[in-house]
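As they're listed, the protein sequences go chains A and B. Quick note: the first sequence uses numbering that gives the first Met the number 0, first residue 0, plus one each step. Quick note: the second sequence uses numbering that gives the first Met the number 0, first residue 0, plus one each step.
In short, the hints are calculated from the structure, not lab data. Small disclaimer: the values here were computed from a predicted structure and weren't measured. Check the hints yourself; a few may be wrong.
As the list claims (entries may be wrong) - Not the full set, but computed from the structure, chain A residues with beta-carbon under 7 angstroms of chain B:
hint, residue
1, Gln74
2, Glu101
3, Leu114
What the hints assert, rightly or not - Label pairs and their computed distance ranges (CB to CB):
hint, chain 1, residue 1, chain 2, residue 2, range
4, B, Pro129, A, Gly118, 48 to 56 angstroms
5, A, Gly301, B, Val125, 47 to 55 angstroms
6, B, Tyr42, A, Gly118, 24 to 32 angstroms
7, A, Arg193, B, Val125, 42 to 50 angstroms
Ideal Cβ placement from N, Cα and C applies to all residues, glycine included.
Letter by letter, the chains look like this.
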Amino acid sequence: MERALSVAGLSKLYKLYDSPRARLRALLTGRQTHRPHWALKDVSFTLERGQCLAVIGDNGAGKSTLLKLVAGTLQPTAGRIDRGGQGRVTAILELGAGFHPEFSGRENLRFAGALIGLGEDEVSRLEAEIIGFAELEESIDRPVKTYSSGMAVRLAFSLVTAVEPDILIIDEALAVGDQHFQKKCIERIAAFRRNGCTILFCSHSQYHIRQLCDAAIWLDGGSVRLLGPTEMVLAGYETHVRALDAQRSASAAAVSASTRKPLEAGRRGAITSVTVTPLAGGDPPVLAGRDLTVSIAASVSGDEQPNFGVMLEQARGVGITVVATHVDGVAPRRGDDGTWTATVTFPELPLHSGEYVVSAYLADSLGMVIYDEWHQCRRFVYTSPARLPGLVTLRHVWA
Amino acid sequence: MVIASLRAELVGLWRARALLLMMARRELAARHAGSALGVFWLYAQPLLTIAAFYLVFDVVFQMRLGSGAPTRAAGIYLIVGMVPWIAFTESTSRGMMSLLEAGGLLQKNPLPPVLFPARALMTSAVIYLPLTLLLVAAYAPLHRFSAALLLLPVLLFLTLVLWFLIAYALAILAAALRDVVQIVGFFLGVGAFLSPVLFPPAMFPQGLAWVLWLNPITPSVLGFQSLLLSGDVPGAEVWIGLACWTVALAVLLDRLVMRSREQLVDWL
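Based on the sequences and whatever the hints tell you, model everything.
What follows is the structure, encoded as structure tokens:
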């Protein structure tokens, strides 16, 4: 395999001065009066062509610093970054930077294109495609100051991704525009990945990380806490986050029963109901039987066939399983009123006794874009016939 | 080697020259974007200032300078020093702010910071170099197109190099400490009094003439006055003054670049 990106011993020191005056004095005299703050300490990894690395960690863990160093907007204090020769590196750090409000979208394309290394003739060649992807044919000759923030972001994304890069750096940029455009963005990034583009991806969406990335790096206080296959690193990080949540508030269990949002303008779909059966009384209710059934209903605009996902977790503890229609190759049903439904049953629930919580997800036809999620929306208590410690009873065979 | 950091900056600037031209063009377009007369305004302000000096000093009040001045008419004298002084204040203040204003761009795009002070200087040059040629056309008949005018491009080039060093050094200092903007702003407001722009050096008190050389504009203005007003080759003090200022600033800028390179973008 061809090595595309190699980072060795990368460190970044921020010099903190007590005052700007101290900074000026250090600049003029060369004397060191700062307090050191290591935003990144000795980070090393290697990516081969076509690999996608997720960067995860708490706020302030050094994720953005790492991305900016690889993008080249920050200079490292120590270490080496080898971007595999003269390949094209595209960074989607914050979209829309560099547009001048008085100039039209078309005029801004030339300048913003030059900033990311596209020549004027290259921008001219790509112009129609860029404007088409951003869906701004009508307004491209109007000043950018008349654009909505969504329009400006669409134009920026369309421009920076117009040329397929060798290395793509994405910082939380998937949450751009409305859901329709988000879907296009994710599809474009997935296509780059299929074509062999190496991706460094920082996101809080574990779903997208699982979809796109084959490896993950977990940064903690600037150092690498864990580096390896996505699932392994995410599992470690999830445990860490759950422990933190538990610490932060003992009342975390009292999270609101649902985080549902109404179907706003621009939304492609929304979950309308989630039912867990069979439930008996109690708070939280008790599962009255050994089979757990979860039914989800949703409305989706247009004729697109959506996909559903269900996540089952311990109420205070770990995630247990996620199932999804697109993974299992099941098509949700469409009712006469246009509502989409899917029902999943876990027969002979192999869980041990405890309190559990269900989350429901609505995704697009490819299972790429999450249209809606009801996070931890239904709780239930399950009493298992198993009288042994543990979490689940796995299928097993004694010899 | 000496000034290795500065050399690396200049090499980076040369590599990004196409982008620099593009940025300068856009900067000029942005200054008059939305106005009806467009590019006219870029030149109108300095032209109107020149016209006002001529009308007030030479036509209305007919002020005369004393002996020791290279010309008698005060307006004619003032204009030769005022045009470079206005150009200097503009390129210096814009250059000084250039990095602070480019913070957002620099944090999101891997661009060499040197582009931004260079752009400030370049846009000022696009406006004031044609005006300088206009002055040459107006003043050359005073000394029947003296051959010394052939030295004008050399003087202009050296002056631009010095101004670039000043703009970039101040841009880094302003990024480190915003107060620099206020201090330099004050100097740019009163600096014309500490220069040969308003009065010939002969009119300064004997013991204080050396103060003039603390102003980086002095050698250039004296050079322009020699070439334009009397058609003489500028004296050795002009070239030595320019050389001293340039070397001192090149060394200072080299240190600033070396010490700030790793953190400059974080300060913006």
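Each hint, compared with the structure:
1. Restraint check, A/Gln74 versus chain B: the minimum CB separation of about 5 angstroms is within 7 angstroms; hint holds.
2. Annotation: interface hint on A/Glu101 holds; nearest CB of chain B at approximately 4 angstroms, less than 7 angstroms.
3. Because the beta carbon of A/Leu114 sits about 5 angstroms from the nearest beta carbon in chain B, less than 7 angstroms, this interface hint is met.
4. For the pair B/Pro129 and A/Gly118, the supplied restraint of 48 to 56 angstroms is violated, since their beta-carbon distance comes to about 28 angstroms.
5. Restraint check, A/Gly301 to B/Val125: a C-beta distance of roughly 53 angstroms satisfies the suggested window 47 to 55 angstroms.
6. The hint said 24 to 32 angstroms for the Cβ distance between B/Tyr42 and A/Gly118, and at roughly 30 angstroms that hint holds.
7. Hint check: A/Arg193 to B/Val125, Cβ distance near 47 angstroms, so the stated range 42 to 50 angstroms holds.
Checked against the numbered hints listed earlier, the structure breaks hint 4 alone; every other hint is satisfied.
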